[in-house]
Amino acid sequence: MYLQIDKFYLEIVTLLTMITALALSLWSARASHVVAAISSSLFILYGLYSGEFRVFYVVSGLVWLFSSTFSALHDRERWYSLTFSGTLLGIMITLLSQNYLEFLTGWELMTLFAYASIGVYRREWRPGYTFLAFGEVSTVLLIAGFILAYQETGTFLFHTLTDTLPLWFTTFGFTVKMGIFPFLVVEWLPIAHGNAKPSLSSVLSASMTLAGVYGIYKMMSLCPQTQALGGVLILIGAFSVLFGALYSYVSDHMKGMLAFSTIENNGAILTALGSLELSADPVLKAFAQFSLMVYVVAHSLAKTGLFLVTGYVHGESMSTLSTERSFSLEIGTTLLTASMSGLLPTVGGVAVWSLLETLFMESISVRGILGLIPLLAGVMVGMGEGFATGAMARFTSFTSLVRPRGGERGRLVLLIGVLMPVLALLSYLLSPEMAGAASLGMFSNSLIPSGYSGGSFGGISPLYVLIILPILSLITYLASGRRRVRTVDPWDNGSGRRLTYTSFGMANNIRLMLRFVLRTRKGAVETSADVFWRAILQLVRGYVRFSRAFSRAYMNSSISWYMIYMILAFIVVILVVFL
Amino acid sequence: MSWDVISETITQVLGVLLLSPLYAGILDRLKAVVEGRRGPSVLQPYYDLVKLSRKETLLPRNAGNIFLNGPYLVFSIYLLISFVIPVVYPRPVIFTPTVDFLGGALLFSLAGFIKVYEAMESSSNLVTLGVSRALSFSYLGEATLLTVFIAVALITGTNNPYVTMQYVQSLGHYLFLPHVSATVAFYMLWLFETGRLPLESSGMSEMGMIDDSLVYEYSGKGLMLLRWGSYIKSYLLGSVFLNVFLLPWGLLTGPLGAILDLGVMFLKWMVLILVTLVVETSLAKFRLFKVQDFLAVALVLSLISLILTVIGNG
Numbered sequence: 029m030y031l032q033i034d035k036f037y038l039e040i041v042t043l044l045t046m047i048t049a050l051a052l053s054l055w056s057a058r059a060s061h062v063v064a065a066i067s068s069s070l071f072i073l074y075g076l077y078s079g080e081f082r083v084f085y086v087v088s089g090l091v092w093l094f095s096s097t098f099s100a101l102h103d104r105e106r107w108y109s110l111t112f113s114g115t116l117l118g119i120m121i122t123l124l125s126q127n128y129l130e131f132l133t134g135w136e137l138m139t140l141f142a143y144a145s146i147g148v149y150r151r152e153w154r155p156g157y158t159f160l161a162f163g164e165v166s167t168v169l170l171i172a173g174f175i176l177a178y179q180e181t182g183t184f185l186f187h188t189l190t191d192t193l194p195l196w197f198t199t200f201g202f203t204v205k206m207g208i209f210p211f212l213v214v215e216w217l218p219i220a221h222g223n224a225k226p227s228l229s230s231v232l233s234a235s236m237t238l239a240g241v242y243g244i245y246k247m248m249s250l251c252p253q254t255q256a257l258g259g260v261l262i263l264i265g266a267f268s269v270l271f272g273a274l275y276s277y278v279s280d281h282m283k284g285m286l287a288f289s290t291i292e293n294n295g296a297i298l299t300a301l302g303s304l305e306l307s308a309d310p311v312l313k314a315f316a317q318f319s320l321m322v323y324v325v326a327h328s329l330a331k332t333g334l335f336l337v338t339g340y341v342h343g344e345s346m347s348t349l350s351t352e353r354s355f356s357l358e359i360g361t362t363l364l365t366a367s368m369s370g371l372l373p374t375v376g377g378v379a380v381w382s383l384l385e386t387l388f389m390e391s392i393s394v395r396g397i398l399g400l401i402p403l404l405a406g407v408m409v410g411m412g413e414g415f416a417t418g419a420m421a422r423f424t425s426f427t428s429l430v431r432p433r434g435g436e437r438g439r440l441v442l443l444i445g446v447l448m449p450v451l452a453l454l455s456y457l458l459s460p461e462m463a464g465a466a467s468l469g470m471f472s473n474s475l476i477p478s479g480y481s482g483g484s485f486g487g488i489s490p491l492y493v494l495i496i497l498p499i500l501s502l503i504t505y506l507a508s509g510r511r512r513v514r515t516v517d518p519w520d521n522g523s524g525r526r527l528t529y530t531s532f533g534m535a536n537n538i539r540l541m542l543r544f545v546l547r548t549r550k551g552a553v554e555t556s557a558d559v560f561w562r563a564i565l566q567l568v569r570g571y572v573r574f575s576r577a578f579s580r581a582y583m584n585s586s587i588s589w590y591m592i593y594m595i596l597a598f599i600v601v602i603l604v605v606f607l
Numbered sequence: 022m023s024w025d026v027i028s029e030t031i032t033q034v035l036g037v038l039l040l041s042p043l044y045a046g047i048l049d050r051l052k053a054v055v056e057g058r059r060g061p062s063v064l065q066p067y068y069d070l071v072k073l074s075r076k077e078t079l080l081p082r083n084a085g086n087i088f089l090n091g092p093y094l095v096f097s098i099y100l101l102i103s104f105v106i107p108v109v110y111p112r113p114v115i116f117t118p119t120v121d122f123l124g125g126a127l128l129f130s131l132a133g134f135i136k137v138y139e140a141m142e143s144s145s146n147l148v149t150l151g152v153s154r155a156l157s158f159s160y161l162g163e164a165t166l167l168t169v170f171i172a173v174a175l176i177t178g179t180n181n182p183y184v185t186m187q188y189v190q191s192l193g194h195y196l197f198l199p200h201v202s203a204t205v206a207f208y209m210l211w212l213f214e215t216g217r218l219p220l221e222s223s224g225m226s227e228m229g230m231i232d233d234s235l236v237y238e239y240s241g242k243g244l245m246l247l248r249w250g251s252y253i254k255s256y257l258l259g260s261v262f263l264n265v266f267l268l269p270w271g272l273l274t275g276p277l278g279a280i281l282d283l284g285v286m287f288l289k290w291m292v293l294i295l296v297t298l299v300v301e302t303s304l305a306k307f308r309l310f311k312v313q314d315f316l317a318v319a320l321v322l323s324l325i326s327l328i329l330t331v332i333g334n335g
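As given, the protein sequences belong to chains A and B, one line each in that order. Take the position in the first sequence, starting the count at 1, then add 28; the result is the number in my numbering. Take the position in the second sequence, starting the count at 1, then add 21; the result is the number in my numbering.
Everything labelled a hint here was simulated from the structure, so no lab data went into it. From a predicted model like this one, the values you see are computed outputs, not experimental measurements. Where hints are given, some of them may not hold.
Ranges between beta-carbon positions, derived for each pair [unchecked claim]: (1) A/Pro252 x B/Phe310: 30 to 38 Å; (2) A/Ala581 x B/Phe310: 49 to 57 Å; (3) B/Ser303 x A/Gln255: 47 to 55 Å.
Here chain B is said to cover these stretches of chain A; the calculated rule only asks that three of the stretch's residues, wherever they fall, bring their Cβ under 8 Å from a Cβ of chain B [as the list claims (entries may be wrong)]: (4) 331-342; (5) 363-372.
Just so you know, even glycine gets a beta-carbon here, dropped at the ideal spot from N, CA and C.
Construct the complete structure from the given sequences, taking the supplied hints into account.
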């Protein structure tokens with residue numbers, strides 16, 4: 029009881045502090061950001077006290093803390109601090125909501141403040157409108173789902189439901205906000221997130237999409253399990269992983285490619301959510317849950333760091349940007365992109381490993397043709413990881429590695445980067461062992477106990493890798509003896525030219541090899557198009573043509589046709605009422 | 022931890038370290054003989070490594086920490102992998118529980134990732150061209166590696182390489198169609214991952230380089246470690262192919278068995294080298310973009326293996 033009262037007061041204080049940050053923005057941007065950072069820290073503390081949704085709270089709090097700190101150091105505009113803290117407040121209300129109405133209030137607040145921030149930043153409203161339009165599509169679907177839930181329970185409070193229809197509606201509403209196929213399609217999220225300031229981009233990409241994941245997870249906890257939705261989510265998620273990573277690889281817009289990468293990560297998270305819904309085996313469910321939580325941590329923090337990297341770069345095109353590199357930025361970006369590429373011993377590596385293990389174990393445990401779904405998803409995720417590694421390598425190379433050395437900066441990026449291997453170790457705390465299911469990465473016997481092949485499937489130990497790899501490197505270094513180093517110009521076949529190979533050129537092989545998918549147009553420069561966006565536009569144009577033809581033929585102010593419509597509508601209503 | 026396990030571990034890791042360049046030397050020598058040339062000595066890789074270890078390191082003007090220290094990390098990653106998969110000794114040794122098949126694949130990817138980053142830090146046009154090529158095919162390579170490992174995992178019901186190896190030793194399991202298609206897919210992947218596709222050319226000609234271009238700016242100890250690392254990588258993947266896919270029989274246990282296993286592995290490698298020799302010398306040169314088709318076939322084969330297994334499970 030004492031703890032509950034404390035938690036209640038903490039919640040109130042956290043909210044009031046964020047409201048104070050919002051009010052302070054009218055007076056001083058820096059003061060507003062500092063107070064937002066304090067509120068974020070309080071929210072992390074609140075998260076640590078929480079139960080089932082602890083990971084969502086703590087991770088969101090960390091994302092806000094890093095973004096607010098970055099803004100306090102670099103952003104001076106009062107309008108920006110207003111919209112920034114407003115967006116954080118909206119997400120906070122969403123996460124803390126106790127009923128559907130509070131949830132929607134937070135959701136709309138978040139959408140409107142973010143819309144204003146995107147629009148005001150460039151004085152160009154198209155990205156903002158795009159964001160708002162998709163945001164409202166999401167809201168409409170959420171309202172539909174919440175009304176269905178209200179119809180069943182008779183209350184707006186989050187109560188357990190017996191029908192799965194609210195889950196279907198709200199899930200697709202949330203996926204719109206996450207920028208997931210087939211609603212985005214791959215276009216709106218990069219337009220919106222790519223046109224915000226770095227700290228807001230990180231909040232939109234890491235925390236706002238996380239609110240969508242939280243929403244789906246929350247509704248799943250209220251509704252009965254539905255395998256059909258699980259299968260659909262796995263396939264949509266894996267498809268998004270593959271295409272998000274592919275478009276990230278060929279995109280030459282610095283923040284756009286990160287936003288496409290967000291779609292890829294959200295796809296992976298959706299796949300984990302689908303796995304959670306597909307399996308009835310408690311061991312496997314625990315493992316899928318572990319996979320989901322680690323992915324949430326890995327994506328949110330790494331993406332925050334990478335968007336903050338863009339704050340140190342001048343220009344938007346990867347091929348023409350200018351910047352200088354520093355030790356902190358180079359190492360920080362390398363660690364962050366290693367995690368985003370799903371490599372051990374970072375938290376991203378644990379996430380990818382656990383997701384793939386989940387999918388492949390499910391393909392054994394789910395019998396029949398349904399078992400093919402996680403299998404195909406696993407292969408798509410594998411291909412997506414290949415593209416993701418390429419995209420991240422291109423990002424690090426052209427924002428840091430090939431740039432001339434400059435003054436020391438980007439310590440915040442280094443701090444978040446160092447968190448990647450540290451969090452890989454802390455993933456023990458989330459391990460299925462805690463759920464009474466399996467053990468992850470102990471010093472000995474790190475196998476995953478499962479119902480297959482005598483009780484074991486596989487296992488990894490991030491701790492082992494983190495300890496042994498540096499020791500082996502040190503032994504190698506010492507054994508290979510002293511090295512004599514002489515600085516020279518790169519060889520380049522004796523041309524004596526500086527690096528002229530561009531980021532755009534680096535991705536051109538894929539543009540050409542996958543021209544059927546990317547609809548690459550050959551010309552002076554190779555460019556690729558978003559096939560999904562084109563397909564949607566064609567559908568819209570087709571519908572408009574059909575609508576015009578229909579209206580001219582049958583809705584041409586003819587009173588007899590209107591009479592027929594009214595009679596038909598009457599018959600349909602009667603049928604619906606009686607059936 | 023018993024002395025037996027320690028001695029078995031030392032035998033396995035030293036076997037990988039010391040013998041991996043030999044197989045590259047034998048293959049190059051036999052290839053030269055088939056082409057009517059005298060060819061280099063089978064010990065040439067060792068001579069090259071010793072020579073490189075004595076040379077100074079040339080550091081491109083823009084390069085720094087990652088370029089200088091990356092090779093130590095890459096080498097250590099391959100060394101770490103040699104503890105965790107049955108590449109000489111058929112039973113788990115020290116550190117074996119570090120990763121399973123999938124984790125091993127992620128460690129291979131980590132080494133590839135560092136190689137790309139250290140190469141890019143040199144800011145050389147030719148290196149960037151090579152990185153671009155390497156990354157272009159990584160999506161298919163990575164997916165195939167994961168799919169092949171999972172294919173055997175689905176067949177055997179475990180992702181533990183040692184359990185898998187024991188499982189496929191039964192002839193019924195060995196001749197199981199999904200295992201056969203996974204074997205072919207993994208061999209194709211091994212050819213690609215070790216730069217043995219008839220597309221690639223090593224040396225100074227940049228037209229056909231993929232993997233070699235990543236070390237283009239390296240010299241001295243850095244180049245030695247990367248070359249040695251490549252030999253180890255080739256040995257590790259080749260030995261997994263031999264022990265888990267193609268020839269899972271014949272390895273002995275115990276400290277003495279571990280030493281005899283080095284000889285058994287030599288015989289197995291001769292089989293692999295002869296098959297590769299036939300493939301390498303009988304296929305015409307590829308065009309660069311045909312690599313994608315080659316890998317796509319490997320991926321489809323491994324996918325067929327997966328689908329057959331899942332459908333077989335009912």
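Hints, verified against the model:
1. A/Pro252 x B/Phe310: 30 to 38 Å: violated, 50 Å
2. A/Ala581 x B/Phe310: 49 to 57 Å: holds, 50 Å
3. B/Ser303 x A/Gln255: 47 to 55 Å: Given a distance of about 50 Å, which is inside 47 to 55 Å, the answer is holds.
4. 331-342: This one is violated; 0 residues, fewer than the three required, reach chain B with a Cβ under 8 Å.
5. 363-372: n = 5 at 8 Å, threshold three: holds.
This entry does not satisfy hints 1 and 4, going by the numbered hints stated previously.
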